[in-house]
Amino acid sequence: MEERGVETLRSFFLLTPGILLFLNFTVYPSEATQNMKPEDLQEIVIRIRNGDRAAFRILVEMYRQQAYRMAFRILGNEEEARDIVQDSFVKIWQKIGSYDPSRKFVTWMNGIVVHASVDRLRVLRRHVMVPIDLVSQTIEALQQRDPGRATDDRDLALLIQFLAEGLPEKQKLIFILRDIEGMPSEEVEAVTGLPEDSVKSNLCHARKSVRKKLFMILEKERAVK
Amino acid sequence: MNYKEMRRKNLEAHNILDLLRKSEPVLKDAEGMTEAIMAAITQPAGQRRVPAIFLFQRLLAAASVALVLLFGYEQYIVVEKVSTLEKRFSEIKSDPRYAYTLYFGSSGNLSKAGISFPELEKLISTGMLTKQITKGK
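Chains A and B, in that order, give the protein sequences. Residue numbers for the first sequence follow numbering that gives the first Met the number 0, so the first one is 0 and each next one is one higher. Residue numbers for the second sequence follow numbering that gives the first Met the number 0, so the first one is 0 and each next one is one higher.
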């Protein structure tokens with residue numbers, strides 16, 4: 000009995016640091032928001048509200064990459080992501096009057112992109128079975144690539160599809176926004192409209208499932224070596 | 000699995016996610032996209048391209064609403080007719096004129112029975128006809 004208790008305690012202490020290490024995700028703010036002064040953005044928004052197309056062009060140039068990145072990570076397809084970015088910016092132009100300046104513009108924009116992507120995902124209902132061998136090769140290719148060179152989007156799409164495959168819609172979305180996009184929890188709540196508890200529980204389930212898949216790849220790699 | 004093994008696996012899993020996070024998909028032909036967006040907002044609302052699937056969805060939604068309304072209207076007609084009929088049946092018990100209608104069916108049957116209208120009026124006013132009907136004669 001005593002031995003069993005000691006064993007449980009031992010495994011707890013052995014596993015906890017590893018899990019904590021695994022969950023230690025860093026937040027990466029986008030380049031656009033890093034170089035942007037809030038007052039400049041507010042001015043641009045005011046100009047757009049007055050129908051200034053030149054100001055809208057500046058906004059598109061500032062945020063198109065960020066919007067594309069998010070749409071691509073949710074949809075895992077370049078063409079679909081491009082369509083979503085285009086539709087989202089048209090929506091932003093149409094709905095800029097309903098934007099509340101007391102909120103962060105990026106959060107409002109992200110909400111539009113995320114909802115459009117999720118709607119498209121529901122229409123597509125694509126179930127892609129990604130072979131594990133292909134995923135191992137993709138990871139290897141990503142690891143060996145030249146840091147200065149642009150990544151092949153197909154590799155990224157494949158890896159995201161493999162990890163998010165089989166996850167329920169909410170879990171997939173929250174995992175991508177929180178752990179891949181690096182969005183803070185408060186922003187994930189604002190963008191998805193889900194309460195804090197729901198975000199936490201969905202993220203926890205998603206991480207468990209993703210970790211299982213990652214371990215599967217690592218086991219496979221080890222077996223090959 | 001020992002501690003070292005577990006730690007190594009977690010670290011490697013973390014590295015893969017980190018790799019995924021840092022490998023940002025790049026928007027190709029960004030300028031072309033900006034131009035497409037600018038062209039889309041310049042177009043009048045009527046000329047914008049609407050995907051066929053959205054039109055089909057809207058059509059389905061409109062059709063289902065129309066069906067529900069039609070069903071409701073039909074129910075209203077049926078219920079109204081049934082309630083009118085029930086009301087009329089309930090009046091038969093108290094009004095001898097309805098009893099006459101039920102008993103003789105039409106004025107043709109009345110003449111076949113050899114009853115004239117003044118006689119019928121008399122029968123109705125005395126309530127004799129109602130008594131006959133209730134006795135099953």
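It is worth saying that the hints were derived from the structure and are not from the lab. Be careful, since some hints might not be right.
[Said to hold, decoys possible] The calculated DMTMM-like cross-link candidates involving lysine to aspartate or glutamate, where the alpha carbons are at most 20 Å apart (straight line), are:
id, chain 1, residue 1, chain 2, residue 2
1, B, K21, A, E218
2, A, K211, A, D152
3, B, K8, A, E139
4, A, K212, B, E30
5, B, K3, A, E78
6, B, K8, A, D39
7, A, K219, B, E30
8, A, K207, B, D17
9, A, K212, B, D17
10, A, K219, B, E4
11, B, K27, A, D132
12, B, K27, A, E218
13, A, K90, A, E78
14, A, K211, B, E30
15, B, K3, A, E195
16, B, K21, A, D82
17, A, K212, A, D196
18, B, K8, A, D82
19, B, K27, A, D82
20, A, K207, A, E164
21, A, K103, A, E186
22, B, K27, A, E168
23, A, K211, B, E11
24, A, K90, B, E11
25, A, K169, A, D152
26, A, K207, B, E30
27, B, K8, A, D152
28, B, K21, A, D178
29, B, K27, A, D196
30, A, K211, A, E164
[What the hints assert, rightly or not] Computed spacing ranges between beta-carbons, pair by pair:
id, chain 1, residue 1, chain 2, residue 2, range
31, B, V25, A, K103, 21 to 29 Å
32, A, D132, B, R7, 20 to 28 Å
33, A, Q41, B, D17, 21 to 29 Å
34, B, S63, A, K219, 44 to 52 Å
35, B, E4, A, R48, 29 to 37 Å
36, A, F214, B, L66, 48 to 56 Å
37, A, Q136, B, T41, 41 to 49 Å
38, A, E195, B, A62, 35 to 43 Å
39, B, D28, A, L123, 20 to 28 Å
40, B, R7, A, E60, 26 to 34 Å
For each residue, glycine too, the CB sits at the ideal point set by N, CA and C.
Going through the hints against the structure:
A threshold of 20 Å between alpha carbons decides the hint, and for K21 (chain B) with E218 (chain A) the separation of about 24 Å lies outside it, so the pair is violated. For the given pair, K211 (chain A) sits about 24 Å from D152 (chain A) by alpha-carbon distance, which is inconsistent with the 20 Å threshold. Distance hint between K8 (chain B) and E139 (chain A) is fulfilled; the C-alpha atoms sit about 16 Å from each other, no more than 20 Å. Taking the CA atoms of K212 (chain A) and E30 (chain B), the gap is near 38 Å; set against the 20 Å cutoff, the hint is violated.
Of the pairs offered as hints, the one joining K3 (chain B) and E78 (chain A) is violated, with about 43 Å between alpha carbons and a cut-off of 20 Å exceeded. For a cut-off of 20 Å, the pair hint linking K8 (chain B) to D39 (chain A) is broken: about 45 Å separates their Cα positions. Among the hinted pairs, K219 (chain A) with E30 (chain B) is inconsistent with the structure: their alpha-carbon atoms are about 42 Å apart, more than 20 Å. Note on K207 (chain A) and D17 (chain B): the hinted pairing holds, with a Cα-Cα distance of about 16 Å set against a maximum of 20 Å.
Our distance criterion of 20 Å between C-alpha atoms is met by K212 (chain A) and D17 (chain B), whose separation comes to about 15 Å. For a cut-off of 20 Å, the pair hint linking K219 (chain A) to E4 (chain B) stands: about 15 Å separates their Cα positions. The hinted pair formed by K27 (chain B) and D132 (chain A) fails the criterion: a straight-line CA distance of about 28 Å is larger than 20 Å. About 35 Å separates the Cα atoms of K27 (chain B) and E218 (chain A), which puts this hinted pair outside 20 Å; it is violated.
Using a Cα cut-off of 20 Å, the hinted pair K90 (chain A) and E78 (chain A) holds, with the two alpha carbons roughly 18 Å apart. A distance of roughly 41 Å separates the Cα atoms of K211 (chain A) and E30 (chain B); the hinted pair therefore is violated under the 20 Å criterion. With a C-alpha separation of about 34 Å, the suggested pairing of K3 (chain B) with E195 (chain A) is violated against the 20 Å cut-off. A distance of roughly 24 Å separates the Cα atoms of K21 (chain B) and D82 (chain A); the hinted pair therefore is violated under the 20 Å criterion.
Our distance criterion of 20 Å between C-alpha atoms is broken by K212 (chain A) and D196 (chain A), whose separation comes to about 25 Å. Restraint check for K8 (chain B) and D82 (chain A): the C-alpha separation of about 38 Å exceeds 20 Å, so the hint is violated. About 13 Å separates the Cα atoms of K27 (chain B) and D82 (chain A), which keeps this hinted pair within 20 Å; it holds. Taking the CA atoms of K207 (chain A) and E164 (chain A), the gap is near 13 Å; set against the 20 Å cutoff, the hint holds.
A distance of roughly 10 Å separates the Cα atoms of K103 (chain A) and E186 (chain A); the hinted pair therefore holds under the 20 Å criterion. Taking the CA atoms of K27 (chain B) and E168 (chain A), the gap is about 27 Å. The hint is violated against a cut of 20 Å. Distance restraint check for K211 (chain A) and E11 (chain B): the Cα-Cα separation of roughly 13 Å lies within the 20 Å cut-off, and the hinted pair is therefore satisfied. Taking the CA atoms of K90 (chain A) and E11 (chain B), the gap is near 41 Å; set against the 20 Å cutoff, the hint is violated.
Taking the CA atoms of K169 (chain A) and D152 (chain A), the gap is near 24 Å; set against the 20 Å cutoff, the hint is violated. Our distance criterion of 20 Å between C-alpha atoms is broken by K207 (chain A) and E30 (chain B), whose separation comes to about 40 Å. In summary, the hint linking K8 (chain B) to D152 (chain A) is not supported, as the alpha carbons are separated by about 26 Å, beyond the 20 Å threshold. A hinted pair counts as satisfied when its Cα atoms are at most 20 Å apart, and K21 (chain B) with D178 (chain A) qualifies at roughly 11 Å.
The hinted pair formed by K27 (chain B) and D196 (chain A) fails the criterion: a straight-line CA distance of about 38 Å is larger than 20 Å. In summary, the hint linking K211 (chain A) to E164 (chain A) is supported, as the alpha carbons are separated by about 12 Å, within the 20 Å threshold. Under the hint 21 to 29 Å, the C-beta atoms of V25 (chain B) and K103 (chain A), about 25 Å apart, fit the expected range. In this structure the supplied range 20 to 28 Å holds for D132 (chain A) paired with R7 (chain B), their Cβ-Cβ distance being about 22 Å.
For Q41 (chain A) and D17 (chain B), the hinted distance range of 21 to 29 Å is not satisfied, since their beta carbons lie about 34 Å from each other. Take S63 (chain B) and K219 (chain A): their Cβ atoms lie about 49 Å apart, and the range 44 to 52 Å holds. A hinted range of 29 to 37 Å is violated for the C-beta pair E4 (chain B) and R48 (chain A), which are about 58 Å apart. Between F214 (chain A) and L66 (chain B) the Cβ separation comes to about 52 Å, which falls inside the hinted range of 48 to 56 Å.
The given range of 41 to 49 Å is respected by Q136 (chain A) and T41 (chain B), whose C-beta atoms sit roughly 45 Å from each other. Remark: the range hint 35 to 43 Å for E195 (chain A) to A62 (chain B) is upheld by a beta-carbon distance near 40 Å. For D28 (chain B) and L123 (chain A), the Cβ-Cβ distance of about 23 Å falls inside the hinted range of 20 to 28 Å, so the restraint holds. Taken as a hint, the range 26 to 34 Å is violated for the pair R7 (chain B) and E60 (chain A), whose Cβ atoms sit roughly 44 Å apart.
Checked against the numbered hints above, the structure violates hints 1, 2, 4, 5, 6, 7, 11, 12, 14, 15, 16, 17, 18, 22, 24, 25, 26, 27, 29, 33, 35 and 40; every other hint is satisfied.
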